Amino acid sequence: MDILSLLIVIPVLTLVAIAFSKSYKQVRVIAAIGSGIQLIQSFNLVWQYLQERASGNTATMVFTKSYVWFEKFNIHYDIGVDGISVALIALTGIIVSAGVYASWGVKEQAKEFFIWLILLATGVFGFFIAIDLFTMFVFYEIAVIPMYLLIGVWGSGKKEYSAMKLTLMLMGASAILLVALIGLYLYSDVDGGVRTWNILELAKVTMPIEAQRIFFPMAFVGFGALGALFPFHTWSPDGHASAPTAVSMLHAGVLMKLGGYGALRIAVGLMPEAAQEQAWFFMILTGIGAVYGAFGAIMQTDLKYINAYSSVSHLAMILFAVLMFNVTALNGAVMQMISHGFITALFFSLIGMIYGRTHTRDIYKMGGLMKVMPILAGSYMVASFASLGLPGFSAFVAEMTIFVGAFQNPDIFYRITAVLVTSSIVITAVYILRAAGILLMGPIKNEEFKELSDSVWYEKVTLVILILSITVVGMAPLWLSNMITDSLTPMLQRFAAL
Amino acid sequence: MIQGIGLHEILVVSSLMFFLGIYGFFTRKNLITILMSIELILNSVNINFVAFNKYLYPNMMQGHFFSLFVIAIAAAEAAVAIAIIIDLFRNIKTIDVEKVSTMKN
Amino acid sequence: MDFQYTILIPGLMFLSFVYNILWGRTQAPKIAGLIGTTSILIAAILSYYTAYQYFFNVGLVNGTFQAIIPFKMEWLRFNDLLFIDMGVLLDPISIMMLVVVTTISSMVHIYSFGYMHGDDGFPRFYAFLSLFSFSMLGLVIATNIFQMYVFWELVGVSSFLLIGYYYQKPSAVSAAKKAFIVTRFADFGFLVGILLISYITGTFDFGLLNDPNGAAMTQGAGAGFLGLSVMTWALILMFIGGAGKSAMFPLHIWLPDAMEGPTPVSALIHAATMVVAGVYLVARMFPLFHIAAPDAQQVVLAVGGFTSLFAAVIAITQIDIKRVLAFSTLSQLGYMMAALGASGYGAEEGIGYTASMWHLFTHAMFKALLFLGAGSIIHAVHSNNMTDMGGLRKYMPITHLTFLIGTLAIAGIPPFAGFFSKDEILVALHQSSHLWYWVEVVTAGLTAFYMFRLYFNVFWGENRHYHHAPHESGLAMTFPLMFLAFMAIVSGGFFMFDFGQFISANLVPYDIHIHWDVAGFSIAVAVVGISVATVLYMKPSAIPAKLANAFGPLYKATYNKFYFDEIYLFVTHKIVFGLIARPSAWFDRHVVDGLMNALAWITNLASNSIKGVQSGQLQHYAMSFVTGSVALVLFLLYFMTR
Amino acid sequence: MEQYIFYILASIILVFSYLTVTSRMILRAAVYLLFVLIATSGIYFMLNYNFLAAVQLTVYAGGIAVLIVFSVLLTSQLNEKMEKVTPVKMLSGGLIAFAGAILTISTITQYEFVANGLAELDPSPKAIGYAMLSYEHNGYVLPFEVISVLLLAAMVGAIVIAKRPAKLLNEDATEVDMSFPTSKDAYKSRTKEEIDSLLK
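Protein chains in written order, with the working numbering: chain P, 848 to 1345; chain W, 51 to 155; chain Z, 62 to 703; chain Y, 23 to 222.
Worth flagging that the hints you see were computed from the coordinates, not collected in a lab. Quick caveat: nothing in here was measured; it's all calculated off a predicted structure. Some hints could be false.
SDA-like cross-link-like pairs, simulated, lysine to any residue; straight-line CA separation at most 20 Å [unchecked claim]:
| # | chain 1 | residue 1 | chain 2 | residue 2 |
| --- | --- | --- | --- | --- |
| 1 | Z | Lys91 | Z | Gly535 |
| 2 | Y | Lys111 | Z | Phe75 |
| 3 | Z | Lys133 | Z | Phe117 |
| 4 | P | Lys912 | P | Lys1006 |
| 5 | Z | Lys91 | Z | Lys635 |
| 6 | W | Lys149 | Y | Lys185 |
| 7 | Y | Lys111 | W | Pro108 |
| 8 | P | Lys1297 | Z | Tyr227 |
| 9 | Z | Lys635 | Z | Trp647 |
| 10 | Z | Lys133 | Z | Ile82 |
| 11 | Z | Lys230 | P | Leu1325 |
| 12 | W | Lys79 | Z | Thr448 |
| 13 | P | Lys1307 | Z | Ile82 |
| 14 | W | Lys79 | Z | Ser685 |
| 15 | Y | Lys148 | W | Val150 |
| 16 | Z | Lys133 | P | Glu1120 |
| 17 | P | Lys912 | P | Glu955 |
| 18 | P | Lys1292 | P | Leu1237 |
| 19 | Z | Lys133 | Z | Tyr227 |
| 20 | Y | Lys185 | W | Ile142 |
| 21 | P | Lys1005 | P | Asp1149 |
| 22 | P | Lys1292 | Z | Ser232 |
| 23 | P | Lys1218 | Z | Gly673 |
| 24 | W | Lys149 | Z | Gly673 |
| 25 | W | Lys79 | Y | Phe92 |
| 26 | P | Lys1006 | P | Asp1209 |
| 27 | Z | Lys607 | Z | Thr448 |
| 28 | Y | Lys111 | Z | Leu83 |
| 29 | Y | Lys106 | Z | His681 |
| 30 | P | Lys872 | P | Lys1218 |
| 31 | Z | Lys230 | Z | Ser444 |
| 32 | W | Lys149 | Z | Tyr682 |
| 33 | Y | Lys103 | Y | Lys185 |
Under 7 Å between C-beta atoms, here's a sample of chain Z residues computed to sit facing chain Y [to be verified]:
| # | residue |
| --- | --- |
| 34 | Ser685 |
| 35 | Val691 |
| 36 | Leu693 |
For glycine and all other residues, C-beta sits at the position ideal for the given N, C-alpha and C.
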């Protein structure tokens, strides 16, 4: 069993074990053990990867394996990782573990809940290790579908509406995406040879510009919708507001990163010419998204809506950076994926915990929580500071990398959008502090809230895992940044040839 | 062969009969009358088979046999259909085709 | 000399922060305080030792102070040229700042033992103090702009946390938010400035940027916008960052509100250390400002000069003693900025630079003294308002005496510290710009007036009826007062008169002379100010009220700080929130989301109308089947026969 | 002579077909159908397919028509007229049927059928019997067997369906009620709601 396939096998085994377990207590213990092993395996992978690179392996992808899956269309189960996917796999491992602890309190239909949750994680892991477009797409769909049930069944509020909206919009986007992928496949033999879905092979193909012009926007929008590209982001506020805690965490933390990852690796990575040609248009969209999401967040009163809009703003930066075509910005994009994954997961887990106590998410109904639950409130402050890009936390590193990268392009249009996107740090500060100020500070508004308890052990585990990750990346970013930069080199060589 | 009557005449008769059957099938609401319309349609087809056999390919018997089999099948079909109709009537007290839509929802 | 241990100066504070924030709550409050105080005292001793070693043994090589980088590590790499190092840069101004920060911070740590005694959040308070000290120390020893920016943000957040320390008080929360957001807005300018400079010069490093013969001096000269070169724009943007942190007009609005924080915090952050970060930034980038972008330097001069006058005028009418001090801080920061703006590059021409740094040093001492004194008063009276005070000199002799020393120092009366540094600033302005010279002279008179108004109102004047008699504070609070009073006397001319020996724009030591023509005039102006205050406020009298009436609208405008808060409120709430945020939230929920919902709705509608075809009616199906067949046959016939 | 007989048969077929599909008295419709079937067998006789004509008479006219008449008797009130056909339905159905008929007839009349002119096979019952059981050329043993199985299946099916006790009518009755409802209201046409409530 190779190290990458283990990443799929472990969750699948966990699924089987959960299916045979009796009570919700067993289920959650099994899920915790399974995700724990997965987490260790993810870190092991990071370690193995660094060893492999240190030993002088400079292949674009390492640990590659290939099995024929469907001969007729040359579909393979092709797997392999580079620094970017390794980093994102580690992110996924961490957030899935944290998510399992965050759903420790799920008792109703716990077995089904954890099965769908782990299945979702399986899809994400598969997506990150796959380097065959079709296999990638299959895993992508595996990741998206459980979301419908998780929100529709275990959600709150107008969950059916949200679940339906989320699924339909993502399905619509993936339909467009599939067209683009098939397009890539059909054009993969323009240089002669057989058609292929393999990313590494496709990267060598001189894709005709006419084809790129059609398929690039499809691929970018297809992935972008998952990455909350304006104006295809509206599923995200509703979806997050209705989703149960762990699902919000996983969704915003990991699943939405699939969009950025795909946009980077497939849309821009395989069709750079068209990407450069059409970048201006998508830069406008992402520029708007970054600022407009932040402005949208100012006026929200529901904690989850605030955070969802903040995600729109932060994810727009990822897509923005992806369009910058230089090593710094792309590096920043990946760092932002990881950073935002941690931070937004922390936010959603905290919101879930606070909601579990106060039974409201309306910030105006709460206040002075710092006094009542210092640990949760303190963690919320940490999340807030991390989110508004305070040094020492991961977002600062990521955002600064993006900004510096964006400024490397001398074009005046790029410059202006870069300043526009940069200005979102001010607006972010406004809405983050507004929410934190109303929620945590000031007098306690509701007498009943004085009786509320602070965090319990499994909540602390969630918080510690996430805060630790945020600060480690924030304080010692160099290794991560180097790991990502190395893996960007092949792509940059292609850009340089333009 | 019928003296003085060509294939065309027979076919015209049978197609008129056919479309009368069709018309009945469209407009009738009672299941039994619909069944009757179907019998008309089957009969018109039988006439066609027979006529083609007789006029165009007298050296073979395919049309003839086909008609025989159709009659057999028609008998079976009528038996089953009427059994269903009766059962339906026993259960829901109507054989109005527009009201028998409980399988729809 | 190996200065590697200097990393411990911020490092200790960081450890103290981490320990206190994680485990502070679980222990006796005193332990947190002790840990914080011990760390800062060790850091202070290390700083003094470093200063001694640097200024007297190691620093001077060939008649020039060397920049020493004893520690440096790569923290983040953007590309081959641009990377962020975390390191320690030792040069005269950074070492001076180390001394200032650790000294004031030590005093505040000690003082807080008395002031914050019995408060619930005692460990939290010390944790945040440690965080602030760490960030500020990291800022001053930054080796490159980006490291500075990193710590710049961190001091911003420590300031937020400490202003909002009494988080259950809505006014404190909104003041904290205001401070953070206003400085954040300024930091946006700073950041864009950094990005522009990094793009122009391809480096963040102070050494490369500030080399007077380096490439950076000319790289941004061309390709301008609105008639100013790129470098000028970049530096103006960076100055916006500095202006935000140093609360220069028009970004000054957060500082008076920041007085909602505990008084030791005001002394440490909002008087002595953090607010001078902007001044320090300009001083740090001074060669670039002066050589590469003289226009930007003019902006610094104008903003600084105007702020000092503007704040002094407002300070006259305020009745909250901490706000009076806050506006005086603004005014003094304006002095420092103006001095930098007026300075030349070189030894004698660079007098403004030296004066600015010197004033930074003396101001830190006497303003911290004044704030801590004010804290002592508030502690005794339980009110911030002058109208609740009077005749306190009998109850609080030590506070009274030290406060008087601080007041004299800020008023510019020799031989107290403020006189010397302010005199040098006036000299520098006299040399370069007469307009701003006169503005600052007037400001000096106003300063003397309003400080003595404060002094007389609190310690003289009417004896109020207190609920329980005010009493002198304990040793933990009076010791820092005495120490800082001592510093306020000696940091001027007495034993470090030759500040020019240590700090000059081009790092070459030189001698400073007192220019008695400028100095004499400024003393005279100060004395006039003091006299007027004495006449008006020493004994209870009706004259101030009459004057206030006589200047009705003007008095009202100054009392309301020229309505700047209201303007900002209007801009933020009505324009930003009302005209941008609310519409965009609405737009998103209704138009963008509405489009998506409309799409779903149309699909639904279409499917509903098509659904009718699947009626479940056999006859309908048959009819469509036959219709279709007929149509198909017709179609085929038509095409087959044509 | 034969010509006229054919025209008579044809007109019987068409007239009674029309009556079959339009008559509002259901039993009459069944009888009209019987006439049509008989007339059809007449045509078979004229074509000299005597065996087929006999089968048509016995199976169709004798069997199926009687079956239909019985089912009519079982399920309908004999003196009750069926509802009138709505004009929309009549129009749309008529139009389509008419269009189809026109199309078909015009096609037929335009087409020249060519006979192969070979000698006629013997359509006597004996020959038919041999052909039916022959597995050589022009033998039909396979369809014959298939039809046999089909008939068996249909027989079983018809019995099973029709024999199923009417449980839904009287669920609390101890004995299964096999009788048909006789009261008049059992025959009135029912709304959908009533049917639903019956089905519950």
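Cross-check of the supplied hints:
1. Lys91(Z) to Gly535(Z): holds, 16 Å
2. Lys111(Y) to Phe75(Z): violated, 88 Å
3. Lys133(Z) to Phe117(Z): With a Cα-Cα distance of about 24 Å, the restraint between Lys133(Z) and Phe117(Z) is violated, given a limit of 20 Å.
4. Lys912(P) to Lys1006(P): The hint is violated at about 41 Å.
5. Lys91(Z) to Lys635(Z): violated, 47 Å
6. Lys149(W) to Lys185(Y): This hinted pair is violated, its Cα atoms lying about 23 Å apart.
7. Lys111(Y) to Pro108(W): violated, 42 Å
8. Lys1297(P) to Tyr227(Z): holds, 18 Å
9. Lys635(Z) to Trp647(Z): The hint holds at about 16 Å.
10. Lys133(Z) to Ile82(Z): violated, 27 Å
11. Lys230(Z) to Leu1325(P): violated, 41 Å
12. Lys79(W) to Thr448(Z): With Cα atoms ~99 Å apart, Lys79(W) and Thr448(Z) exceed 20 Å; violated.
13. Lys1307(P) to Ile82(Z): The hint holds at about 16 Å.
14. Lys79(W) to Ser685(Z): Given that 20 Å is the threshold and the Cα spacing comes to 17 Å, the pair holds.
15. Lys148(Y) to Val150(W): Not satisfied, since the Cα-Cα distance of roughly 47 Å exceeds 20 Å.
16. Lys133(Z) to Glu1120(P): violated, 41 Å
17. Lys912(P) to Glu955(P): violated, 40 Å
18. Lys1292(P) to Leu1237(P): violated, 29 Å
19. Lys133(Z) to Tyr227(Z): violated, 38 Å
20. Lys185(Y) to Ile142(W): holds, 16 Å
21. Lys1005(P) to Asp1149(P): holds, 14 Å
22. Lys1292(P) to Ser232(Z): Holds, because 16 Å separates the two Cα atoms, which is no more than 20 Å.
23. Lys1218(P) to Gly673(Z): The given pair, whose Cα atoms are some 60 Å apart, is violated under the 20 Å limit.
24. Lys149(W) to Gly673(Z): Holds. Lys149(W) to Gly673(Z) sits at ~16 Å (cutoff 20 Å).
25. Lys79(W) to Phe92(Y): holds, 18 Å
26. Lys1006(P) to Asp1209(P): holds, 17 Å
27. Lys607(Z) to Thr448(Z): Since the Cα atoms of Lys607(Z) and Thr448(Z) sit roughly 17 Å apart, the hinted pair holds (cutoff 20 Å).
28. Lys111(Y) to Leu83(Z): It is violated: about 83 Å lies between the C-alpha atoms, which goes past 20 Å.
29. Lys106(Y) to His681(Z): Satisfied, since the Cα-Cα distance of roughly 18 Å is no more than 20 Å.
30. Lys872(P) to Lys1218(P): Violated, at about 32 Å.
31. Lys230(Z) to Ser444(Z): holds, 15 Å
32. Lys149(W) to Tyr682(Z): Distance of about 15 Å is within 20 Å: holds.
33. Lys103(Y) to Lys185(Y): The hint is violated at about 29 Å.
34. Ser685: This interface hint is violated because 10 Å lies over the 7 Å limit.
35. Val691: holds, 5 Å
36. Leu693: violated, 11 Å
Going through the hint list in order, the structure does not satisfy hints 2, 3, 4, 5, 6, 7, 10, 11, 12, 15, 16, 17, 18, 19, 23, 28, 30, 33, 34 and 36.
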